Amino acid sequence: MRQSQTAVLERYRVLRGDFTTEPFEAGWAGEARWFVQVLETARPDTRIVVTTQVSPDGLHWCDAGCPTQVVAGKDMISWPVREFGQWLRITGSVEGDGGSAKVQIYLTLKE
Amino acid sequence: MGYTSDTDLSAHLRRAMLDADPALSRYNPLSRILVFDQFNSGTHGWTELIGNHDGEGNLDTVDDHMKDFRPPQLSSCTFFDVGTHGAMTGTYALKVATRPLAGHTAVAIRRLTMARKGRVQFETYFTYKSEASSEENRAAEQAGAGEWDGNIHPSEQQFGAFTVATDICDTRGVRYHTVVRYQNTDLDNRFTRRWMYPVVPEPTPREHLQGKAKLGPTDDFTAPDPEDWRAFGEPQSFCYNEVPTKVNWHYLRWQIDTETQRNVELQVNDRVYDMRDVPVPAYEDRYDSLDNLLNFYVSARTHTNVRNFLFLDSVLISVDW
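Note that the protein sequences, when read in sequence, are chains A and B.
Once you know that position 30 of the first sequence is 30 in the UniProt record's numbering, the rest is easy, because the numbers rise by one and skip nothing.
Once you know that position 272 of the second sequence is 272 in the UniProt record's numbering, the rest is easy, because the numbers rise by one and skip nothing.
The hints are simulated quantities; they were obtained by calculation from the structure and are not laboratory data.
Predicted model only: the values in this text are computed from it and were never measured.
Misleading hints may appear alongside valid ones.
Label-pair distances were calculated between CB atoms; the ranges are [stated by the list, open to error]:
| id | chain 1 | residue 1 | chain 2 | residue 2 | range |
| --- | --- | --- | --- | --- | --- |
| 1 | A | V14 | B | D54 | 34 to 42 Å |
| 2 | A | R16 | B | R206 | 30 to 38 Å |
| 3 | A | D45 | B | A23 | 50 to 58 Å |
| 4 | B | S41 | A | R82 | 47 to 55 Å |
| 5 | A | G85 | B | E56 | 13 to 21 Å |
Keeping only pairs whose Cα atoms sit at most 27 Å apart, straight-line, the calculated DSS-like set for lysine-lysine is [said to hold, decoys possible]:
| id | chain 1 | residue 1 | chain 2 | residue 2 |
| --- | --- | --- | --- | --- |
| 6 | B | K214 | A | K110 |
| 7 | B | K246 | A | K102 |
| 8 | B | K214 | A | K74 |
| 9 | A | K102 | A | K74 |
| 10 | B | K212 | B | K67 |
| 11 | A | K102 | B | K214 |
For glycine and all other residues, C-beta sits at the position ideal for the given N, C-alpha and C.
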């Protein structure tokens with residue numbers, strides 16, 4: 001049986017401007033998948049642009065090389081990550097002046 | 001070797017069998033092992049604590065102070081200077097990590113029920129750490145950081161407190177918490193290094209809904225008023241081991257009695273604290289839907305804008321049922 005874990009990294013959090021999720025250790029996992037669920041936005045076309053990052057120690061970060069992810073309005077997006085080493089997080093921004101979005105962000109991990 | 005009774009012989013045989021198992025020989029369980037969680041093989045039911053929500057699943061109805069207790073992580077105890085430290089057993093430990101926000105609390109919970117009332121014992125090998133400083137987190141500039149004197153590291157005073165506690169309810173709806181907290185520093189980041197307990201029960205979501213309690217996101221959910229905490233026993237120092245990246249594991253054994261609704265004793269390494277006189281305040285109101293509730297939670301609470309970590313190598317919960 002393969003081990004797995006789902007972590008809710010942001011719960012009904014209202015994002016404005018730039019944001020970064022808390023570091024999450026995932027060295028035991030061979031594969032990961034992010035889910036960004038947008039529950040509300042300031043405007044119907046408010047966009048969130050997201051970059052996936054990795055770290056060897058939870059302190060120093062670089063881009064994982066995944067394609068930049070974009071979600072517009074009330075929607076949910078998902079993308080996989082592999083060969084990520086130890087730590088994962090996402091960093092991004094809510095575009096536009098006064099732009100805001102209430103989100104639920106999941107990180108799902110599997111051995 | 002002579003035995004005066006079959007009971008003596010049984011006890012010796014049982015201990016001998018525990019001692020023959022390297023994983024169990026470091027523990028002192030009561031007669032029945034309820035759970036034995038080695039985090040090298042998963043999270044074993046330890047999950048993030050969250051407050052209650054409404055019938056529609058709208059998480060905006062979760063109390064502000066119970067909405068962000070952070071998911072526990074399976075940690076290889078990896079640090080910037082040495083790489084992977086590893087756990088006491090294998091590679092992985094359970095890590096409970098706060099945000100880098102003064103007053104933030106991270107909580108992991110294990111949910112069980114009672115088949116009978118009686119003695120219950122929680123044992124673990126644990127360690128606690130503040131996050132090392134980096135250019136991004138600037139921990140070395142946050143409150144609590146002092147000068148490095150080559151022995152005590154500035155980060156040690158940036159660890160606030162960790163707590164082990166229960167949430168228990170009997171079949172009549174009488175609900176109470178037994179709580180032990182190690183307060184490493186006070187709210188001004190000065191070492192206190194003492195064990196504490198609250199004299200009030202934790203504010204619940206029902207009390208919030210009834211207008212009896214309203215806490216902010218970083219309020220101390222176990223007992224929000226610092227004046228409601230009391231110290232017990234003598235202060236105790238631990239082998240933090242000078243820097244935030246060296247991990248030494250400490251033994252903790254805490255026994256309670258759900259028949260008498262009391263604490264019994266706390267052992268942490270070489271200290272044993274008699275807790276029979278430590279009060280356990282019950283809620284005045286009765287609770288439904290919680291018959292025989294037996295939850296354990298562990299938390300880390302930071303008193304500065306630096307992440308605090310509580311690591312558990314393994315947990316053993318035993319009972320005398």
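Right, here's what the structure says about each hint:
| no. | hint | result |
| --- | --- | --- |
| 1 | A/V14 to B/D54: 34 to 42 Å | violated, 19 Å |
| 2 | A/R16 to B/R206: 30 to 38 Å | holds, 32 Å |
| 3 | A/D45 to B/A23: 50 to 58 Å | holds, 56 Å |
| 4 | B/S41 to A/R82: 47 to 55 Å | violated, 23 Å |
| 5 | A/G85 to B/E56: 13 to 21 Å | violated, 40 Å |
| 6 | B/K214 to A/K110 | violated, 38 Å |
| 7 | B/K246 to A/K102 | violated, 39 Å |
| 8 | B/K214 to A/K74 | violated, 30 Å |
| 9 | A/K102 to A/K74 | holds, 9 Å |
| 10 | B/K212 to B/K67 | holds, 18 Å |
| 11 | A/K102 to B/K214 | holds, 23 Å |
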